[in-house]
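Protein sequences appear in the order of chains A and B.
Using the working numbering, you'd call the opening residue of the first sequence number 43 and step up by one each time.
Using the working numbering, you'd call the opening residue of the second sequence number -2 and step up by one each time.
Simulated from the structure, these hints should not be mistaken for lab results.
It cannot be assumed that every hint is accurate.
[Stated by the list, open to error] Cut-off 27 Å, straight-line C-alpha distance, at most; resulting in silico cross-link-like pairs (DSS-like, lysine-lysine):
hint, chain 1, residue 1, chain 2, residue 2
1, A, LYS161, B, LYS95
2, B, LYS101, A, LYS79
3, B, LYS4, A, LYS161
4, B, LYS276, A, LYS161
5, B, LYS0, A, LYS161
6, B, LYS276, A, LYS68
7, B, LYS0, A, LYS335
8, A, LYS244, B, LYS2
9, B, LYS94, A, LYS165
10, B, LYS95, A, LYS79
11, A, LYS335, B, LYS94
12, B, LYS0, A, LYS244
13, B, LYS94, A, LYS79
14, B, LYS95, A, LYS335
15, B, LYS98, A, LYS79
16, A, LYS335, B, LYS98
17, A, LYS74, B, LYS101
18, A, LYS244, B, LYS4
19, A, LYS68, B, LYS178
20, A, LYS68, A, LYS79
21, A, LYS165, B, LYS2
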Amino acid sequence: MKKSKAVNQKRATNQNKLIQIFARIKARMYEKHVGSKIIRGMVWFSAAITVGILAFIILYILVKGIPNLTPELFEWKSTTKNQSMMPSIVNTLLMTVFTLIIAIPIGVGAAIYMVEYAKRGSKLVSIVRITTETLSGIPSIVYGLFGYLFFVLACGWKYSMLAGALTLAIMILPIIIRTTEEALMAVPDSFREGSFGLGAGKLRTVFLIVLPDAIPGILSGVTLAIGRIVGETAALIFTAGTVAKVPSSVFNSTSTLAVHMYVLLNEGLHTEKAYATAVILLLVVLFINGISKFAVSRLTRNRGEQ
Amino acid sequence: MNKLKEKIMQVVFAMCACASILSVALICLFMLTGGVPAMLEIGIGNFLGGTSWKPLEGLFGILPMIIGSVYVTAGALIIGVPIGLLCAVFLARFCPKKAYKVIKPAVELLAGIPSIVYGFFGLVVIVPFLRDTIGAGKSVLAASIILGIMVLPTIISVSESAIRAVPDSYYEGALALGATKERSIFRAVLPAARSGIMAGVVLGIGRVIGETMAVVMVAGNQAIIPGGITEGVRTLTANVVLEMAYAEGRHQEALIATAVVLFVFILMINLCFSLIKRKGGDK
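Pulled out of the complex, with its shape left as it was, chain A reads as follows (with noise of 0.2 Å):
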């Protein structure tokens, strides 16, 4: 026993030793390659410059906001005179709420297709593959001037919150059919056989095995959508219109809070309502990404027990 521990004693100096060596061959490396070190500090630097800037603007938007954040802001009715934000954040929820109503079943549904069903090399898969990459590419004021054509437009609706929900519906439809498919795909295929072998058709299998277990990662994807909806000014300009009232129907002109502040700037009077806004816009965003980043930790932790 004794003598164990002695021999540990001397394993762990001259252990010892040889970090104390490693350590000066790696003196003399660095004293030959100054470069090195600059290169080190300017990465370092880099880091802390992408850190400080986020930790700037929301800081900065905070400060100068909340104190703008007057009860008068929150009245039920807009008028040109209080500029409330309230209309615009319950048509921020509604827009949000159509949005997802329209593409969640079919963007699901599209993944399911590709996961699930279609065979290996489908021509009809890579098409998909293509045109989903090519969706989530085109920058939204794009998005804005084809719901402007079709829906606004060809379809008649004028600029009504329908317009812009199915607009919105396709520019998120790859966020969602993207994270279904990894979600899907990450299910084990001991399930699908268990349910099979069970005697459990197709259907039955995706509908009651396989989508449950996959629900935190559609989630993900769909909060970042939500992050998306919430933040788009450019595409829905053109569909949804810029009234600053709840509408009572979706065929009505409606302003989510990102187009109200737009508007605000716009107007240039307003500057202490746009802090207002800004804020109430990042405390959003702060707030679903915060929910995502939960899904996603509940993921990984499925997947950890397994």
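Given chain A, work out where chain B should sit, using these hints.
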């Protein structure tokens, strides 16, 4: 009965998958039929090469806007790429594990901030700052700074995964040959991750060129070719969003045609992106 249900649902799922194809087809169709006739009537040379945009006099030349978009994009890349790339290197190779848990979500949050908030931030912080220090105000420079910040998350996340995809043996081999950590990363790992990093930059170009609300706030929006980085500029996207609200007839068609030009740019960039990605995958 059950068989029938299965078949029906398969068709329904297939139709869902076709929704994205249908969307792209509709977008192409409506943008092209909305914009191309006006482009032909104005004359493609006059439209793309004309230097004056005066809708009231019937002059529709979008060259200033094309050049404006190119200037602003180049500026954003000059600011965004070095910082983004170094930050990606930091995240992939230097970052302590505990710090990673803070910095990675921060980068993702940077991507989540709405563009109108970026524009507002530029308007109330960067524009006054530039006006006081170099007398520039709303300018190419201000737009480049804001877009440079906005493009960071794209470049960082794509480059980071490209750097992580390089086998560790490259890095270890370089270390074993006596190179410092930095030398190993910048001389052995980064060249191997080149195509992934390029893909990130190209994706970033797409984001910058299509950005609208942030640019409108800080670029000044004069429809003339800027003479320097301290002068105002109007991009293709800004042109559409500024005038669409009141445009009519030919003017409106010309704006749609502007968006078509933007759309074609984006399609070309997307093509480049997938080509680079495929080339990277072959290796």
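Hinted pair LYS0 of chain B and LYS335 of chain A, Cα distance within 27 Å: Given that 27 Å is the threshold and the Cα spacing comes to 40 Å, the pair is violated.
Given hint LYS79 of chain A paired with LYS101 of chain B - CA-CA distance at most 27 Å: holds (24 Å)
LYS244 of chain A paired with LYS4 of chain B [C-alpha distance capped at 27 Å]: holds (10 Å)
Hint consistency between LYS94 of chain B and LYS79 of chain A [alpha-carbon to alpha-carbon, up to 27 Å]: holds (21 Å)
Pair hint outcome, LYS276 of chain B versus LYS161 of chain A [Cα-Cα no greater than 27 Å]: Holds, at roughly 25 Å.
Straight-line alpha-carbon gap LYS335 of chain A to LYS94 of chain B, limit 27 Å: holds (17 Å)
LYS74 of chain A paired with LYS101 of chain B [C-alpha distance capped at 27 Å]: Roughly 33 Å separates the two Cα atoms, so the pair is violated.
Given hint LYS98 of chain B paired with LYS335 of chain A - CA-CA distance at most 27 Å: holds (11 Å)
Hinted pair LYS244 of chain A and LYS2 of chain B, Cα distance within 27 Å: holds (10 Å)
Pair hint outcome, LYS0 of chain B versus LYS161 of chain A [Cα-Cα no greater than 27 Å]: Within the cut-off at roughly 19 Å; holds.
Holds or violated: LYS94 of chain B to LYS165 of chain A, with C-alpha atoms at most 27 Å apart: The hint is violated at about 43 Å.
Holds or violated: LYS68 of chain A to LYS178 of chain B, with C-alpha atoms at most 27 Å apart: This hinted pair holds, its Cα atoms lying about 10 Å apart.
Consistency note: the structure conflicts with the earlier hints numbered 1, 6, 7, 9 and 17.
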